[in-house]
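Protein chains in written order, with this note's numbering: chain Z, 1 to 110; chain L, 1 to 118.
No lab work stands behind these hints: they were computed from the structure. Wrong hints could be hidden among the right ones.
Derived DSS-like pairs (lysine-lysine); straight-line CA-CA distance at most 30 Å [stated by the list, open to error]:
1) L:K44 / Z:K105
2) Z:K70 / Z:K59
3) Z:K57 / L:K62
4) Z:K56 / L:K62
5) Z:K97 / Z:K109
6) L:K44 / Z:K57
7) L:K62 / Z:K97
8) L:K27 / Z:K56
9) L:K71 / Z:K97
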Amino acid sequence: TQLLEQSPQFLSIQEGENLTVYCNSSSVFSSLQWYRQEPGEGPVLLVTVVTGGEVKKLKRLTFQFGDARKDSSLHITAAQTGDTGLYLCAGVNNFNKFYFGSGTKLNVKP
Amino acid sequence: NAGVMQNPRHLVRRRGQEARLRCSPVKGHSHVYWYRQLPEEGLKFMVYLQKENIIDESGMPKERFSAEFPKEGPSILRIQQVVRGDSAAYFCASSPPPYRDDGLDGYTFGSGTRLTVV
């Protein structure tokens with residue numbers, strides 16, 4: 001059972017464009033994390049959001065946790081080629097168990 | 001390098017052999033998690049361990065797979081009698097105790113072991 005659905009699965013855009021990646025679930029999580037993974041490497045943690053409605057900004061990246069703590073979005077402004085990678089969301093339950101989405105593969109073209 | 005160290009990076013085994021994957025957590029981290037990833041997919045949880053304890057092994061196949069995190073030394077994921085379907089990237093992550101304020105933010109992944117069964 002895939003608890004977390006990410007969309008889109010693939011995204012190819014030009015440098016300078018904006019994009020939003022979505023992570024949706026019917027389950028409530030105590031917190032949610034976003035990771036970026038490059039080929040041949042492990043995922044790198046970008047952010048943890050804990051409170052419903054929380055918004056966190058990391059330079060050109062904006063993360064939002066849904067009010068009901070079931071969904072999240074990642075918005076990238078003015079994408080750069082260095083943003084290319086696989087973006088994974090992970091929901092964490094009260095028993096510290098992580099559920100990963102299937103990922104959004106982003107390609108930013110120069 | 002203070003990160004999670006996994007070795008080997010690449011492992012090739014023939015069907016029926018044993019595979020042993022090692023994970024040394026970040027210094028001071030007492031919790032280790034193992035995940036499996038197939039190409040173009042997300043990570044599937046396998047097992048969550050604390051020193052000398054298995055906290056949650058609900059993602060581990062019941063047969064051929066085992067994991068340990070001894071008092072001294074790295075965590076080991078062991079796959080006996082490997083089959084072609086075991087080919088995947090296996091990632092280890094470590095964290096401080098989750099009840100600490102930095103528990104989740106300290107969650108760190110290793111670079112993985114890519115297992116190929118021929």
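Hint check results:
1. The hinted pair formed by K44 of chain L and K105 of chain Z meets the criterion: a straight-line CA distance of about 17 Å does not exceed 30 Å.
2. A distance of roughly 25 Å separates the Cα atoms of K70 of chain Z and K59 of chain Z; the hinted pair therefore holds under the 30 Å criterion.
3. Restraint check: the Cα-Cα separation between K57 of chain Z and K62 of chain L comes to about 42 Å, which exceeds 30 Å; the hinted pair is violated.
4. A C-alpha spacing of about 40 Å is found between K56 of chain Z and K62 of chain L, which places the hinted pair above 30 Å, so the restraint is violated.
5. For the given pair, K97 of chain Z sits about 36 Å from K109 of chain Z by alpha-carbon distance, which is inconsistent with the 30 Å threshold.
6. Restraint check for K44 of chain L and K57 of chain Z: satisfied, since their Cα atoms lie roughly 28 Å apart, inside the 30 Å limit.
7. Between K62 of chain L and K97 of chain Z the CA atoms are separated by roughly 19 Å; this keeps the pair inside 30 Å, and the hint holds.
8. Proposed proximity of K27 of chain L and K56 of chain Z is supported: the alpha carbons are some 28 Å apart, at most 30 Å.
9. The suggested pairing of K71 of chain L with K97 of chain Z holds, with an alpha-carbon distance near 22 Å, which does not exceed 30 Å.
Of the hints listed earlier, those the structure fails to meet are numbers 3, 4, 5, in rising order.
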